[in-house]
Amino acid sequence: MPPSRCLHLTPLRGAIDSALCSRGPRCQSSLGSAHYFSTSSTNSYPSPGPAKGVRTLRLKKKGPPQKAARPPEPGERKAFRKRIVLSNTNALPVKAIAPLSADAVSVDKSEVYTLSPDIIDRLRAVEAFKTKQGWSFFHTPAVLMTKESRALGKEMDGISGEHLNDQDAENASRKIAIKKSSRKVIVGEKGSGKSVLLLQAMSMAFLRGWVVINLPDGRELASSHTAFSPIHGTSPVQYAQPAYTSKLLKQILDANEKVLQKLFISEKPKFHLPIKEGMSLAGLLELGMNDQDRAWAVFQVFWRELTKTNSSINAAAGERPPVLLCLDNMSHVMTESQYKVLNDAGKLTSVHAHDLALVNHFAQHLSGAAQFPNGGMVLAATSASDGAKADAMCVGISIAETRQALTSGTPIPPEAISNYSKLQSLSPDKNPDPLALSNFHSPFVPIDERVLYTLDKADVIRLAGLNHADSTTLMKYWAKSGMYRGSVLPWNVDEARALSGGAIVGELEKKVVRYLQREPMVLEGETGGKKIRVH
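According to this note's numbering, the sequence shown is numbered sequentially starting from 1.
No lab work stands behind these hints, which were simulated from the structure alone. Be aware that one or more of the hints could be misleading.
[As the list claims (entries may be wrong)] Here are the simulated DSS-like pairs of lysine-lysine, each with C-alpha atoms no more than 25 Å apart in a straight line:
{"hint": "1", "residue 1": "132", "residue 2": "422"}
{"hint": "2", "residue 1": "476", "residue 2": "190"}
{"hint": "3", "residue 1": "95", "residue 2": "67"}
{"hint": "4", "residue 1": "109", "residue 2": "95"}
{"hint": "5", "residue 1": "510", "residue 2": "457"}
{"hint": "6", "residue 1": "308", "residue 2": "268"}
{"hint": "7", "residue 1": "82", "residue 2": "109"}
{"hint": "8", "residue 1": "262", "residue 2": "308"}
{"hint": "9", "residue 1": "480", "residue 2": "132"}
{"hint": "10", "residue 1": "308", "residue 2": "510"}
{"hint": "11", "residue 1": "389", "residue 2": "190"}
{"hint": "12", "residue 1": "147", "residue 2": "422"}
{"hint": "13", "residue 1": "82", "residue 2": "347"}
{"hint": "14", "residue 1": "476", "residue 2": "130"}
{"hint": "15", "residue 1": "147", "residue 2": "190"}
{"hint": "16", "residue 1": "476", "residue 2": "510"}
{"hint": "17", "residue 1": "60", "residue 2": "78"}
{"hint": "18", "residue 1": "247", "residue 2": "78"}
{"hint": "19", "residue 1": "78", "residue 2": "180"}
{"hint": "20", "residue 1": "130", "residue 2": "180"}
{"hint": "21", "residue 1": "154", "residue 2": "132"}
{"hint": "22", "residue 1": "190", "residue 2": "132"}
{"hint": "23", "residue 1": "457", "residue 2": "480"}
{"hint": "24", "residue 1": "510", "residue 2": "147"}
{"hint": "25", "residue 1": "476", "residue 2": "430"}
{"hint": "26", "residue 1": "511", "residue 2": "190"}
{"hint": "27", "residue 1": "147", "residue 2": "389"}
{"hint": "28", "residue 1": "130", "residue 2": "422"}
{"hint": "29", "residue 1": "457", "residue 2": "389"}
{"hint": "30", "residue 1": "510", "residue 2": "190"}
{"hint": "31", "residue 1": "258", "residue 2": "247"}
{"hint": "32", "residue 1": "61", "residue 2": "78"}
{"hint": "33", "residue 1": "457", "residue 2": "132"}
[What the hints assert, rightly or not] Beta-carbon label-pair distances, calculated as ranges:
{"hint": "34", "residue 1": "425", "residue 2": "457", "range": "21 to 27 Å"}
{"hint": "35", "residue 1": "151", "residue 2": "88", "range": "27 to 33 Å"}
{"hint": "36", "residue 1": "319", "residue 2": "151", "range": "43 to 49 Å"}
Where a beta carbon is used, it is the ideal one built from N, C-alpha and C, also for glycine.
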């Protein structure tokens, strides 16, 4: 009935209810306890209990769900994230490939070389392998010797040739440009092989008996994920990183133990440590890696002993070899770090990365302010995928490339010319000096002078795509490993090079090894019978 009529009947229904309820207590069964103007159902009497001997279903309330998985231990997830797989038993072993040796730089054609187990263990100790380099696709790690890696090897021969001139006639006969030290920065776009070139340089240094010290990632130094403390007596204040330094000493010992066991301390250091006369440098590193508070002091003593001139020490202490000092992902240490300290006004300020003792040590050798008396090389690589914004570093690299091009008489790479430099070259008021800072950076924008000074004397290695010969050699190796099922014909190589941005080695691996295996198409009529063309 309409709502208006329901409202008119409300008193009447109340009278009916009172009359019915006077009949007995069961009036509630017919009327219920629901209120008028309500859509809820009426409540009924509870159902009778179960009959005797009948089992009923008992539904118990469940508690919160319990996690069956074990929570990860401290550091377990990071170890899994950084896990390196260097072999694949499903891949075919390539037996016709020679192991990498010191003489590989004398071969001018492109070749693929395997790494010996000893070199692999030493590279793993210094964390030279990266997680996304594709090592897990092949049976054993192998590297392609490009013109850049051969040039680095020949330069190492020149440094070792001077160092071993009186001992090794073979080295003396093939030494190239004699140089005491070399400082280089490796740049290039993402996937061009910058970290792999660092790995090849470390491999060749190990083969030549050098001491290799590697800082695997600049982010770990500047991200404030490790403890730091001020070093007393330094101006400006330098900050040590005890835990990281202790870990670095262990890496140096694990990678260079065979060499360091033959080198001994020439004089006892002036600080309280249980150092015996004639202790080896390997024993000295063991003291530092087990005591974080003294790790930085031990590193200083170790470096001072390692870089002493051979003519100034006793022959019984051992002849000091050249040193290779490497850093990957350098942009994080070319700007302000994530560490914070209180200034004189009581406000938090950022610590510059060059105020960290380890970073400052590397920067001094990269800039040429600190030398290698017995020869050495400093290598730093940028990162296009995980790098920090460092404008001063980019300007310094552009100036270094321009200086390098003017010295060698080669054209400046287009990648080295920034948009500001292109506009400034059209200005009638530009500085006639091609290396003037105003030609690379606006004078109205502040720039970090410390970073510019660090890169002032460094040479630049710019990596680009592989040439046709290197691409062919690499694809043949992939085919022999069973990772590429197509034929390595010239038009196959051209197709892969076109799809990988001009044979950028990282993109070439993605297109050939990972993606070009999905839709094979059989073509007849090609030379050699039926071949498989992979799209």
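### Message
Check the structure against each numbered hint from earlier and tell me which ones fail, lowest number first.
### Response
Violated hints: 1, 3, 5, 7, 10, 12, 13, 17, 19, 20, 21, 23, 25, 27, 28, 32, 33 and 36; rest satisfied.
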